[in-house]
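From first to last, the protein sequence lines stand for chains E and R. Per my numbering, residue 8 is the first one in the first sequence, and the count goes up by one each step. Per my numbering, residue 89 is the first one in the second sequence, and the count goes up by one each step.
Note that these hints are calculated values from the structure, not bench results. Every residue gets a Cβ at the ideal spot worked out from N, C-alpha and C, and that includes glycine. Among the hints, a few may not be true.
As the list claims (entries may be wrong) - Facing chain R, a subset of chain E residues (Cβ under 7 Å, in silico): (1) Ile-106; (2) Gln-122; (3) Gln-128; (4) Phe-205.
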Amino acid sequence: MAMEDFVISIDRFEGPLDLMLHLIREKKMDLFDLDVSLLCDQYIAFIHANEERGLTIAAEYLSELAGLIEMKSNRLLPKRKTEEEIEEDPREKLIQRLIEYQKFKDISQILDRYQKERSVQFTKTLSYPEEVRIMEAADNSELKVSPYDLMKAMNRCLRRLNISRFQKATYSFKEYDMQDISREVENFLKKEKESVSFWDLIKNCTDLLKAISIFLCVLEMIYKKQVVYTLQQEEIYLKWSEVYA
Amino acid sequence: MPEKKAEAEALLYIVGEDGITTDSLISVLEIEKDEILKILEELREEYLSEVHGIELTEYGGLWRFMTKKEVNETALKLLQLNQSTTLSQSALETLAIIAYKQPITRVEIEEIRGVGCEMMLRRLLTRNLIKEAGRADAPGRPILYEVTPEFMDTFSLVSLKELPELPTYQSEEEETLF
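Chain R on its own, in the form it takes in the complex:
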């Protein structure tokens, strides 16, 4: 019988980009939560060592093996990065608003951005970066939106708490700001 740690490592290898939740690991490995968390932490520590080019991440609640940032330059000699997959400025603004204000309606987003966002929301929905989260208790019962685990993965976030605090601007600071 291989060690649970070896089995966990193998499962993480199999799932690849899809990633796996802590709960799935618990049910497949038939293991206590404390134990799997200890194993995952150990694996993460081990892979952090400089002798490894791969690391274990937990973006958006999914455990995944991925290459380290440090090996970029070498990796990019092998691959050509498709820049078109990165999100545009307007997509980023819309996502930022949703991440900080969720659940939020389209109209509320548009009030902050000052432009129509219908097409943008549709695009973000297709890319699975946001999802519908019920309806607001307002006239017309507008759809509410919130970000998805896919969003968390796109920005290397384990939880929304990791987002930087919203800046506060005071008039004393105006010199440095404007």
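Excised from the complex, chain E in its bound form:
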């Protein structure tokens, strides 16, 4: 089967229906009076061309291919009279599926426009409730600094702690012994009578790897039922389980 030299990569398609619509458009076929045989041939040729280029063909493409081949062969064979006419015409069904899919493809383009418009409208982040708490604490103290000095200092600390943000990268390798971390977390949790937020656990971390190690460690403790946890307003709270102890 002759195929054009230029073959579009199968990765460019969202799935078998997307591919079929492309072939229909390319060969100027009539979607409402679909030539299944022609579509089937085009589809096979396309799959082969992609296979020759060493591309993996997802299972979905092959299962639709099987359906197309079945439809094509059914049309070639004389129809047996015994077959019930009530049965849904697979060709009609395919046409309906293609139309339905095309609708959502069109809508997704409109949504894409909407999201691009929205993505250039900027908002500021929530003014942190932490600031309020800092000010309350300062009111009760006898320090001769204004709450604003304290706030500024605190914000500096918070910024310094912001290790997850990308900065100029320098490589350093540090390995953590999970047992050490495990002991650290255990001591920390045992010390507290009330539940502790996950943030409290990781806030002293100087690098991301340690924060992740602690998280893994906590997961294991939860799995071993050493720790109970709860989620409140997107914050994880942990408590050492006394049942285990």
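Chain R: place on chain E using the hints.
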């Protein structure tokens, strides 16, 4: 005592990207619904004026101040936009199907798209664009999905009614379509 309008404006400034619902404004400001809606409408009108670079929006039921589209070019001189946060074609297709057909099961979505959607649904769930909405009365009691206020915000929608009507294709139109 400052005017309620000034207080409302201040609250909207504080909440920033998180936004605030009409109901929250009512309870914080201790104000009647008619009154707050009038205030919000007034604020919106005022900010629409060309002298402001910020506007008041109500995407997904949350009131927020955000910069106007018109000031993009200038804003982008200051910021580099992270393109990786925009949704892919397959994510958009999946979301479109859910928005129009919700509540809908994974299998129903897959029937329309012709491809498996499990990973995609998981990704959309983590991004908070869709949520589970109970289970369907079908064998296996499959999970139903629907879109979230976050979805509405992503596409600048006040309500789902704002979505364009699903196109209908008739065979007479085939020339223009294909």
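Each hint, compared with the structure:
1. Hint on Ile-106(E) holds. Least Cβ distance to chain R is approximately 6 Å, under the 7 Å limit.
2. A hinted interface residue such as Gln-122(E) counts as satisfied when its beta carbon comes closer than 7 Å to some beta carbon of chain R; here the least separation is about 6 Å, so the hint holds.
3. The beta carbon of Gln-128(E) comes within 4 Å of a beta carbon in chain R, closer than 7 Å, and the hint placing it at the interface holds.
4. Of the supplied interface hints, the one on Phe-205(E) is violated, with its beta-carbon coming no nearer than about 18 Å to a beta-carbon of chain R, more than 7 Å.
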